[in-house]
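*Asks:* Residue numbers (numbering that gives the first Met the number 0), protein chains in the order written: chain A, 0 to 729; chain B, 0 to 243.
Simulated from the structure, these hints should not be mistaken for laboratory data. Using N, Cα and C, we set each Cβ at its ideal position, and we do this for glycine too. Careful, some of the hints might be misleading.
Covered stretches of chain B, as calculated for chain A (at least 3 residues, CB under 8 Å) [stated by the list, open to error]:
| # | region |
| --- | --- |
| 1 | 105-115 |
| 2 | 169-182 |
Have a look at the derived ranges for each label pair, beta carbon to beta carbon [what the hints assert, rightly or not]:
| # | chain 1 | residue 1 | chain 2 | residue 2 | range |
| --- | --- | --- | --- | --- | --- |
| 3 | B | 163 | A | 717 | 58 to 66 Å |
| 4 | B | 197 | A | 694 | 51 to 59 Å |
| 5 | B | 187 | A | 694 | 25 to 33 Å |
| 6 | A | 651 | B | 187 | 48 to 56 Å |
Covered stretches of chain B (in silico footprint by chain A; criterion: 3 or more residues with CB under 8 Å from a CB of chain A, positions within the stretch not fixed) [claimed, not checked]:
| # | region |
| --- | --- |
| 7 | 30-36 |
| 8 | 79-90 |
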Amino acid sequence: MNWDAPATAELAREHGLTDDEYRRILDTLGRTPNLTELGIFAALWSEHCSYKSSRVHLRKFPTTGERVVQGPGENAGAVDIGGGWVAVFKMESHNHPSFIEPYQGAATGVGGILRDVFTMGARPIMLLDSLRFGELDAPRMRHLVDGVVRGIGDYGNCVGVPTVGGEVDFHPSYNGNVLVNAMCVGVARRDGLFYGRASGVGNRVVYLGSKTGRDGIHGATMASDSFDERAAEMRPTVQVGDPFTEKLLIECCLELMAAGLVVGIQDMGAAGLTSSLFEMAARAGCGLALELDKVPARAAGMTPYEFMLSESQERMVLVVEPGRVAEVLSLCRRWGLDACEIGEVVDGGEVSATFHGRTAFRLPLAPLVDEAPRYERPLARPEPAPLVTLPDLSARDWGADLRSLLASEQLASAARIFEQYDQSVGAATVVGPGADAALVLVPGTRIGVAATTDCNALACGLDPYAGAAQAVAEAVRNLACVGAEPVGITDCLNFGSPEDEQVMGQFVAAIEGMAEACRAFAIPVVSGNVSFYNDTNGRAILPTPTVGMVGVVDEVRSRPRGRWQDGEVVYLLGPLEGELGASRFMQVALGLEAGPVPPVDFAAEQRAAALVRDLVRKGLAAAKDIADGGLAVAAAELCGGRVGADLEFPAEVSPVRALFGEWHGRFLLAVAPSDAAALVEACAGLPLTRLGTAGGGSLGIRCGTRVWLDERVGRLEELRGRALAFLGET
Amino acid sequence: MTEQGTGVRGQGTGGRRARVAVVIFPGSNCDRDTLAGVEAVGGEAVPIWHERSDLAGCGAVILPGGFSYGDYLRAGAMAAHSKVMTAVRRHAEAGRPVLGICNGFQILLEVGLLPGAMLMNRTLRFICREVHLRVERNDVAMLSHYARGQVLGLPIAHKEGNWFAEPDVADWLESQGAVALRYCSADGEFDDDVNPNGALHAIAGLVNRDGNVLGLMPHPERRVDALLGGVDGRGLLRGLVEAA
């Protein structure tokens, strides 16, 4: 079909537009659009680009605060971290492409999030990945895990940005729809930020980076649709990444910006040229006039439709003053990158393009961007989490339960994954992957930027409101374990179809829960991403609202450690018992998924986190928050396969709640005996229990004379390595 | 990285800091870390763009880690043919110090300044982890701050670090003392478990006959600050700066 053929209602449906939306296009334009124009509407009005089902609810997030320099709406959020620096960060999903083609899907996810950050003028300093897979024995699953890990590694390693953290979890609901959420944090000088704005009539539009090919056409519409067994046929819609070109783009763009040659800049992500050009024009309130013949093409005979909708990777749009274009092009050439002028900024609210001397499209901005459809979809509020009566646990072998938890893929060591990522390029990684949170220095300073990704999807599936609030609380605790104070959040909200009332109910409850927690902790949401339609054949994933939290340590003086040392005194900060609702013990040891998910006690969490933060900053204590798997699993991790401990619970407590209970903001702390008094004093007024001392070759936990468990630490470490060992093999 | 002015010529005499060139190829990604590492041990680090045909009067040169030209053909293969390498070769042949780290080591193999070749790691995967290395030579300037037999802790981060040569060539190199650093256990012992990538004879670093060209897979520039996990890399960089 010709690129300028009149677009019929049927074509609109094929592009994922509803009949109402098609009529709205006809009314807006007062004419029938051509195919290229229809493609542009479909891309910009897709769920992925327009947030049409989510926008009304995303407003519930607090997005302002003293430190906020740039909130949602730009390529990434920016938060002041002191010393004249800002942290620039965002998280984004690449779920559908990664399920279809895991290696390239994950790789280009990393590439896209890097561009969102350096586009703002920030040098990326760390990457994190929040991954969700199905059962390891599900069809293709090991291939998917392996491909995603290789894709993330090969891209991040080559561009030279360390991958320092993230999380991985497994649940059958992801069997047909894995999640790959990539987060990037960069740093810039506060006065050195750049924005995606096409401002200044007469300024030139410069295209920079890889040539435009036919790859990735319809990526945005694919991400806005549900999956079925025909997913494999969509492989041509997955883009192919080139990290070498990305590396050149990073250096070239940062140099262009430092030289003052850039008025506005944006990468071409989902919906390629279409979204970057229209969004840049809309933000600036200007129009654009383009010549598509000038766009560098990878294939012969490409049409305007293909130029506008290609999602070829590693491409940027710059807006440059006319007198500086030659300088820009020459600098790009030095980096070996293609660059050329493709149009200019014009007055008025229209974006138009010519092709072979004819008009390819001419479209008003407002209806496409600011006035894109918004839906308040019907929703069904989630039912309270089902409660379950626990089976008789009186005769359980707690040691065996700990072993089975550690041997599960859910609680396995992710070392075989992290080892495939360059964790220390940049020579600034203080704490890398495998810890509660990552900690990286701002280049050339002692300012520490910490980051963590968190979401207990099991809990969110049972109670989206409480689960999402708990995700925020857990992120706060994780940051505290490396001494960092939270300064901002980026989120990646992964859900099923918004056209399903149950899913929409989960979505809204999760947003409200997360928003409540953000307000209570006073942490603004500065960027984010919504990924709907994560369902296959009508079955949705667990609601997975991933929190990416960034924190700051004003001056890093010592290395936080996630292991205890021989002879240290071990304390439990927080209540003696946790709760079993949505716990790993229930999921793995009992095969149950049931509630309740307790609400967050914000005041208690705040007090504990502030205290732990302070202890870690002073280098006084090793700290670990008690989360997945409870105290027993946290203790096993603190052993690190080397140093055991003898721990005793003082009073008559429920063994299962003490060992495997979760929630309630609990931490394990380990301090040198000489610092024990200082610790006790610092914790005055908070529940603190001395459990015992670290040392020896086994982890023993008892209550009085009753031994609950006694396990060799080498054996525990070996078990932790088991489930994901296949990722270290050829 | 923008190249800095090159007005200052000459070597580290008269209180002036010794100048060390750090070559930047398209795709180098440890260049900034290496520049900072050189400065951290008292050298003056000078970035040298790959299209340059001289080394700006620097007394020593480092080829840093990364993925030069994307390493799409074979690690280091393209960089070996870039303009700056003529100057690097001249520098090496004049007996002046040349250090290749990771991708830089791969490039030194490609240009023949050091013997052998790199295969993919035996797991066929990228590996990033802290390794132990035994210092086999301390009679060359760059390793003179270490004791012979000393065990260093440095990170590796590579996919092609499985050093290979014909077995008789490897044996001959051993007899010539070409092995500078070897993967080992924390106690300095060898067994197959401590060899992360399958390198023949657990070779992590090689030195040429004159002792002025050293290549190694681990990253000394990432271990110059205790806050970042250790300072075992300082000695090597200091040895290089002193020899510049």
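*Asks:* Would you mind marking each hint as holding or not holding in the structure?
*Replies:* Verification of the supplied hints:
1. For the region 105-115 of chain B, the stated coverage by chain A is violated: 0 residues have a C-beta nearer than 8 Å to a C-beta of that chain, whereas at least 3 were required.
2. Here's how the region 169-182 of chain B fares: 0 of its residues keep a CB closer than 8 Å to some CB of chain A, so the rule of at least three is not met and the hint is violated.
3. Checked against the hint of 58 to 66 Å, the C-beta distance between residue 163 of chain B and residue 717 of chain A comes to roughly 32 Å, which is inconsistent with it.
4. Separated by about 37 Å at the C-beta atoms, residue 197 of chain B and residue 694 of chain A break the suggested range of 51 to 59 Å.
5. Residue 187 of chain B and residue 694 of chain A have their C-beta atoms about 26 Å apart, which keeps the hinted 25 to 33 Å range intact.
6. Our hint of 48 to 56 Å for residue 651 of chain A and residue 187 of chain B holds, since their Cβ atoms are close to 51 Å apart.
7. Counting residues of the region 30-36 of chain B whose beta-carbon sits less than 8 Å from any beta-carbon of chain A gives 4, enough to reach three: the coverage restraint holds.
8. Residue count for the region 79-90 of chain B with a Cβ under 8 Å from a Cβ of chain A: 0. That is fewer than the three needed, and the coverage hint is violated.
Hints 1, 2, 3, 4, 8 from the earlier list are contradicted by this structure; the remaining hints agree with it.
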